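*Asks:* All chains, please: the whole structure from these sequences, using the hints.
Those protein sequences? They're chains A and B, same order as listed.
For the first sequence, the working numbering gives the first residue as 15, with consecutive numbering after it.
For the second sequence, the working numbering gives the first residue as 17, with consecutive numbering after it.
No wet-lab data here; the hints were simulated from the structure.
A hint or two may mislead.
[Said to hold, decoys possible] Cross-link-like lysine-lysine pairs, in silico, DSS-like; alpha carbons within 25 angstroms at most:
1. A/Lys101 / B/Lys247
2. A/Lys333 / B/Lys164
3. A/Lys101 / A/Lys333
[What the hints assert, rightly or not] Computed Cβ-Cβ distance ranges for the label pairs, DEER-style:
4. B/His187 / A/Tyr77: 58 to 64 angstroms
5. A/His87 / B/Asn249: 24 to 30 angstroms
6. A/Asn235 / B/Thr274: 41 to 47 angstroms
7. B/Met51 / A/Ile169: 22 to 28 angstroms
8. A/Gly74 / B/Asn206: 38 to 44 angstroms
9. A/Ile218 / B/Ser265: 37 to 43 angstroms
Values in this document were obtained by computation on a predicted structure and should not be read as measured data.
Ideal Cβ placement from N, Cα and C applies to all residues, glycine included.
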Amino acid sequence: MLKDQFRLFSFIVLSLIALPTASVAQTSSLGSDNGSQRNHAQLHNSIFPQVKIAECDRQGTIYQSADMSVSTHGGDIVFQGLDSSLKPWIAQSSFNGPGCEIFQADLNRNGKHDLLIVTPGIGSRGEYDARLTVILFNTAGKPIPWIATGRFSVINGEIKEIGISLDGTAVIQHNYAVGHPAWGGVSYVSSLYRVTNDEIVPVIGAFSGVTFPRISGTKANDTAFQKSISAMKLSTANAGLTSFSITQIPHTHFVRYGADTAKLSKTQSGISLTPEQGANIMVDAGALDAGRERIELSDGSKLDLPAILVVDSISGARKIVFAPESADLIQLEKGSYEIQQAGTDCQDVDDCRPFILQAVEQHP
Amino acid sequence: MSSQGLVQRLTISLLLLPSFFTGFAHAQVNIPVTMGSAPTCLAQMYSDILWPNGNASYLVYDVNAPTNFANTGQGILGLEIFFEVRPYGYENVYDSATYGGSEAMASVAVTAINRSSSNNIDMTVYPDDPWLTMAAKDQSPSIWVTNKQGTGGLKSTFNSLLGSILSGPPHTQNCDGLMYSWAMGIASYNRYAVPYGFTNVSLTANPTNIFPRTLFFNTNGSTPSVLASRKPNLRELGLANAPRYPSGSYPWYFWTITDATTFGGFPAFLQ
Chain A
15 MLKDQFRLFS FIVLSLIALP TASVAQTSSL GSDNGSQRNH AQLHNSIFPQ
65 VKIAECDRQG TIYQSADMSV STHGGDIVFQ GLDSSLKPWI AQSSFNGPGC
115 EIFQADLNRN GKHDLLIVTP GIGSRGEYDA RLTVILFNTA GKPIPWIATG
165 RFSVINGEIK EIGISLDGTA VIQHNYAVGH PAWGGVSYVS SLYRVTNDEI
215 VPVIGAFSGV TFPRISGTKA NDTAFQKSIS AMKLSTANAG LTSFSITQIP
265 HTHFVRYGAD TAKLSKTQSG ISLTPEQGAN IMVDAGALDA GRERIELSDG
315 SKLDLPAILV VDSISGARKI VFAPESADLI QLEKGSYEIQ QAGTDCQDVD
365 DCRPFILQAV EQHP
Chain B
17 MSSQGLVQRL TISLLLLPSF FTGFAHAQVN IPVTMGSAPT CLAQMYSDIL
67 WPNGNASYLV YDVNAPTNFA NTGQGILGLE IFFEVRPYGY ENVYDSATYG
117 GSEAMASVAV TAINRSSSNN IDMTVYPDDP WLTMAAKDQS PSIWVTNKQG
167 TGGLKSTFNS LLGSILSGPP HTQNCDGLMY SWAMGIASYN RYAVPYGFTN
217 VSLTANPTNI FPRTLFFNTN GSTPSVLASR KPNLRELGLA NAPRYPSGSY
267 PWYFWTITDA TTFGGFPAFL Q
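*Replies:* What follows is the structure, given as structure tokens:
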């Protein structure tokens, strides 16, 4: 047990010290911080065991096993297989970056091989725009999706941000950057996620002597920023695990807000302005967000497109779409679905969206 | 947006709405125009950018003009330059290291152009339209909403910033910087970015000049994120300093990768 504790502690400490040197001077954690940091461990011993199975280096089938296949089509990658009840599942993602690397690991120690996909980013944020996609399989063989963008590094054939918890299951270190150097500066956040049989959930507060999430950089001591960071929860909790009561509410539909916003009447009239009028034109703040896609649900709430869409059909099949676009929601027009949100993905302090939007098909 | 970080359990029944998601185009960057009571930066946009000969007495009021321009290759490139680097009103000295802001701005513009003309910096082969704007957005996912169609707009933070700057007074540092960025977007596009006619852009030319070969940039100096097998092919090109608002400066770091190739299959970069 002591050895396990030491390995976990080492993983956390070494992951934390990987944050930018310039930001170390200012570091804060949310919640009480009763831990300390040491730096005298071997990183190699604390990485969760993983096996690399494929790269996105060619088109067509890139991996095939008895219960699963992986194929690429252009910049898209498709995973598909059968769960323990022989119900089909499919997961669609993309590798819009320079390729990808695919690993297998039994993150929740249930005998099922989970999938981890690392995609280097093509954005200009240094090492902080890589993407880690996880497809976790529970004991029923149902896939549970998770995704995060941040600093994920492959060293010696393993993703070093995947560590081992005291019970032998995996923990995921999510280090990411928030903000912009030209607009208020950049802050760095370090979060920790635990993997259970059915869920990947954030660790809030102390864990093995370190408090999460931790913030460093320009806004480390900004309470408003700290509060906004606490809203970021890449949690799969309740995604596909609970049966919930159904209350059909009619007249609910998806809409794209503002896309059809009528232009100002002045446009149609095509009038010319005097120089004085032309000097006083300004932006109509009320219409500024026109064209932004959102979803309106039966209770009137409006959601941005989620990071992940999960669609469970009556037949028992599950479809997962990472980074769905509006076209991926068209199928939901053709039936009756119960919708729930799990987790919140905040790409900036005031720019949050659902992490997972799960649609469970209902009998008509 | 109403996401609160809590699980929301919602029950819905969807109506059939044929062609609801298709059949219309929407602006990626929307600049809706209305009347104000004081001179604004938006009026400066009309006189400086939309009407480069700038005589307000001939200004035809077209409320769509700012939005239409903002969604052109030149407009997107200008916004990309501005929000990435945020210069504030330096004179138009394009390729001079004297002006750190201009150097960093030029690298951002040329990086988008280089990426859109290379076929293995990423796995995306950019279509004819909007080839450059997609590359510009993909390289700055913290600023733009990125999607496969390249139709993403500015993220909400920057969308609000754009609105507040344009609605604010003219000739402020931010307004002048925005206009300068758009002017540089126009110049960069017209000079380098005739679609697939890169006769003026030699990715192998001027090897001592960092701009033609830049494919990655960032401000934290960390190595660009590429597959482990490609890391040995990364080459650091150098750095420039951009002015920091309201004072000081901050560095920009530039890289290339030697295994990138142009669309013709030729090596893009000197070893």
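*Asks:* May I ask which of the numbered hints given earlier this structure violates, with the numbers listed in increasing order?
*Replies:* Hints 1 and 7 are the ones this structure does not satisfy, whereas the remaining hints hold.
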